[in-house]
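Protein sequences appear in the order of chains Z and S. Numbered by the numbering used here, the letters in the first sequence go through residues 1 to 146 in order. Numbered by the numbering used here, the letters in the second sequence go through residues 147 to 470 in order.
In case anyone wonders, no lab produced these hints; they're calculated from the structure. Where hints are given, some of them may not hold.
[Unchecked claim] When the alpha-carbon atoms are kept at most 27 Å apart in a straight line, the in silico DSSO-like pairs for lysine-lysine are as follows: (1) Lys24(Z) / Lys180(S); (2) Lys39(Z) / Lys180(S); (3) Lys90(Z) / Lys136(Z).
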Amino acid sequence: MIRYFINIITGAWSLIIGLMVTLKNTLRRAVTIQYPTQKLPMTERFRGLVDLRVEKCIKCYQCVKICPTGCLAITHSETPEKKKELVTFKYNMELCCFCGFCDQVCPTQAIYMSKIYEIATYGHEKLHIDLLNPEKYREWLNPTVK
Amino acid sequence: MVSVLTFIIMIVVGAVILGFIAVSAMFLIWWERKVSAHMQTRYGPMRVGWHGVFQSVADVIKLLLKEDIVPAGVDRWIWWFAPFFAVVPSVMVFVCIPFGEMFGIDLIPADLNVGILYIIAITSVCTLGIFMAGWGSNNKYSLLGAMRSAAQIISYEIPLVLSIITVVMFAGTLSMQKIVEGQKEMWFIFRPNLAIAFVIYLISAVAETNRVPFDIPEAESELVAGFHTEYSGMKFAMFFLGEYTNLFIVSAIAATLFLGGWQGPLLPPVIWFLIKTYGIITVIMWFRWTFPRIRVDQLMGFTWKVLTPISFANLAFAGWVLLK
Numbered sequence: 001m002i003r004y005f006i007n008i009i010t011g012a013w014s015l016i017i018g019l020m021v022t023l024k025n026t027l028r029r030a031v032t033i034q035y036p037t038q039k040l041p042m043t044e045r046f047r048g049l050v051d052l053r054v055e056k057c058i059k060c061y062q063c064v065k066i067c068p069t070g071c072l073a074i075t076h077s078e079t080p081e082k083k084k085e086l087v088t089f090k091y092n093m094e095l096c097c098f099c100g101f102c103d104q105v106c107p108t109q110a111i112y113m114s115k116i117y118e119i120a121t122y123g124h125e126k127l128h129i130d131l132l133n134p135e136k137y138r139e140w141l142n143p144t145v146k
Numbered sequence: 147m148v149s150v151l152t153f154i155i156m157i158v159v160g161a162v163i164l165g166f167i168a169v170s171a172m173f174l175i176w177w178e179r180k181v182s183a184h185m186q187t188r189y190g191p192m193r194v195g196w197h198g199v200f201q202s203v204a205d206v207i208k209l210l211l212k213e214d215i216v217p218a219g220v221d222r223w224i225w226w227f228a229p230f231f232a233v234v235p236s237v238m239v240f241v242c243i244p245f246g247e248m249f250g251i252d253l254i255p256a257d258l259n260v261g262i263l264y265i266i267a268i269t270s271v272c273t274l275g276i277f278m279a280g281w282g283s284n285n286k287y288s289l290l291g292a293m294r295s296a297a298q299i300i301s302y303e304i305p306l307v308l309s310i311i312t313v314v315m316f317a318g319t320l321s322m323q324k325i326v327e328g329q330k331e332m333w334f335i336f337r338p339n340l341a342i343a344f345v346i347y348l349i350s351a352v353a354e355t356n357r358v359p360f361d362i363p364e365a366e367s368e369l370v371a372g373f374h375t376e377y378s379g380m381k382f383a384m385f386f387l388g389e390y391t392n393l394f395i396v397s398a399i400a401a402t403l404f405l406g407g408w409q410g411p412l413l414p415p416v417i418w419f420l421i422k423t424y425g426i427i428t429v430i431m432w433f434r435w436t437f438p439r440i441r442v443d444q445l446m447g448f449t450w451k452v453l454t455p456i457s458f459a460n461l462a463f464a465g466w467v468l469l470k
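In isolation and in its complexed conformation, chain S is listed as follows (with noise of 0.2 Å):
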């Protein structure tokens, strides 16, 4: 009887977490066009809805709508099973991402103890997806866009660990819950290297989740589309899901390391939560629409000589505080 009631908690809770990643990417695709559109002095979209709040509805009913072509050259396979690498990696983070607590129970679907370490391991799988695309489409845009995703991945992986080790060291947990309590007197990014350490976890992120000013895997200009320029209709829609749902999951543990998680006055822990994590998903955008899209070698160079070597400093630095 037991083990049908946790049955069903499981459903329920998958459901409720796959309702909310639809509706936060819907929001979030409305959300970086009307951002965008106010910093170029535009209003956006304003036609479906309060201000075009139903825009993304409207586009993914057409996405829905629409034939699913697969082109004639396509390694069949590996060509379809890519959006769905590329999106069940993100859906499965949100075990670990600890939205607060309501009425005493904490929502957290599994509070790991292992939880951040889980975390990173199970998002370098989408990088999978982005590269069984590339391969699967067969097309030589689309490899060189997966050939640069994965590189660009593995790179901008490291200083993102270095600066979460950081993390780690401080709170002497993986867990991402207790990470969230042991800031309760003082958010991780008020102090010095952990505030080092947020930049440079903000900026592997933003290089994580393939965005501008790191987006050469999909450069418009060069590479067409880069991985997905061989898909269309709901395959595609599902990477535009898998990059919003990592957009929200690279901020959402930014906002858990370093900015004291679900923690606040006044307001519930969930709005809190929200309110931080959609914060740093629009510095994000603002990045995305201020700034230019680097070279490939100005990339490669930029983790490996700058970033890497800080954040083993700030690394090091952290264990001399922490001993001292």
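Okay, chain Z solo, but in the shape it has when bound (with noise of 0.2 Å):
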């Protein structure tokens, strides 16, 4: 008769301590965000799209002979002062696998790993990109949130 009593007893106060532990929680701030308007910054060592920065390239092609998937792809020419010009940067992203390794061969950190992520888009074509092209990621960079 007493264990009955003891256990009506010991069950309402288990429960008001677990509704304890749900108001304490309904007056915490909220640790979601609302994410196409609110976005967090993306981490230090995030590798998002192959970004690049072109005064910085010596051509040395580190980065097409380390890239696993052969994304990569470079022409270049050369002036009468022997300097050489790049002629074309192009970046499959349909191969990239994000591995970073360009980022890390690179000798002046002309290549790297930008914190691009939202990538989707509606065709091929648009996965072909041209590195040397200063708009590339524009419209990747300001999604538009409809």
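Hints in hand, dock the two standalone chains.
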């Protein structure tokens, strides 16, 4: 008989403790964010789309050689003063596996992994990116929120 | 001429009540999502309108536009009528809910002298709708859910009614309006044995409305969705409407019987009534998002071994207090 009442009282007490836990959480700030309108900055070592600082590139072709999927393609020309100039720097995002090897191997930090991660598109042709075009990621940097 | 006027008044009152039920159910769905979200440190609906207030409106429009699927194996008539049996009784209960008074008019469609008895009788019919849904669906999960629902509601009706009887003994009347007036000096919840009755009522009411922790009729992890597994579109919405209307009703009854109904200082009576009712609803939601679901045997053991003996003892104690 005594055990019966002890059970009821301890049970009720444990329920109250549970209610207090949820109440405490109710008063806390929400930890989630409103994603498309509100975004968290990406972490330091996040590997997004590959990007290029054109002026730093020394045309050593290291990135092309190390790329495991062969998604980078470079051509260059030489000026009469024996200076190399980039003609094309193609990046095939369809093949890219975001391993970051090109970023690591680049002696001048010309090629690097950007923080762009919203990279879905409607066509294959948009995945073949010309890294020499300064406007290339404009669409992805500010995705339209509808 | 008088009968025509009465008829028009009846239509208007009915329309107002139906409108209130629809708006209240939509608000409660939104409120439930918000309460649950904040308990889990989320935001909940935020897109449609200010903090997602119109989310339920959007959901209702979606449900209205959905195809009305009738599964091939259902028992057509029973299946078709079940949602109405689940909703109509809860709407009928609003006849006896005292909302307060405004401009000298009592906001109660009809103050029956057997008010609370009428409410208990009518709310029991809701079970019939759930059982019809389970039977008509011709689906093992639905039938199991419906059976559980019937067993649960029959069991919990006893402590519920016993706790209401305690109030009736103190008030000396069954009329809802008179029970409210009987609490002019002191709310019933401040009397010791009526406080116990309130706790018993609240627990039984949560079970009556099939909500967590007593939601075994629709336990997702065991029964898919229980009795409404086979329902979609507007019929599903009808069950939802019935569920939230029941939630409002049990909270309104609790506010009326124990918390002084529409009485309160400063604010108009209607506002007091709604504050108390939605306060109790929020507490029930708080239970829902805190407690885990209990097993069927625990559920039955709890009502027959704990709630019913305590409410009988409480009833006897109340009788002794009154006769002393």
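Legend entry - Indices of hints not satisfied (ascending): Hints that this structure does not satisfy do not exist here, as all of them hold.
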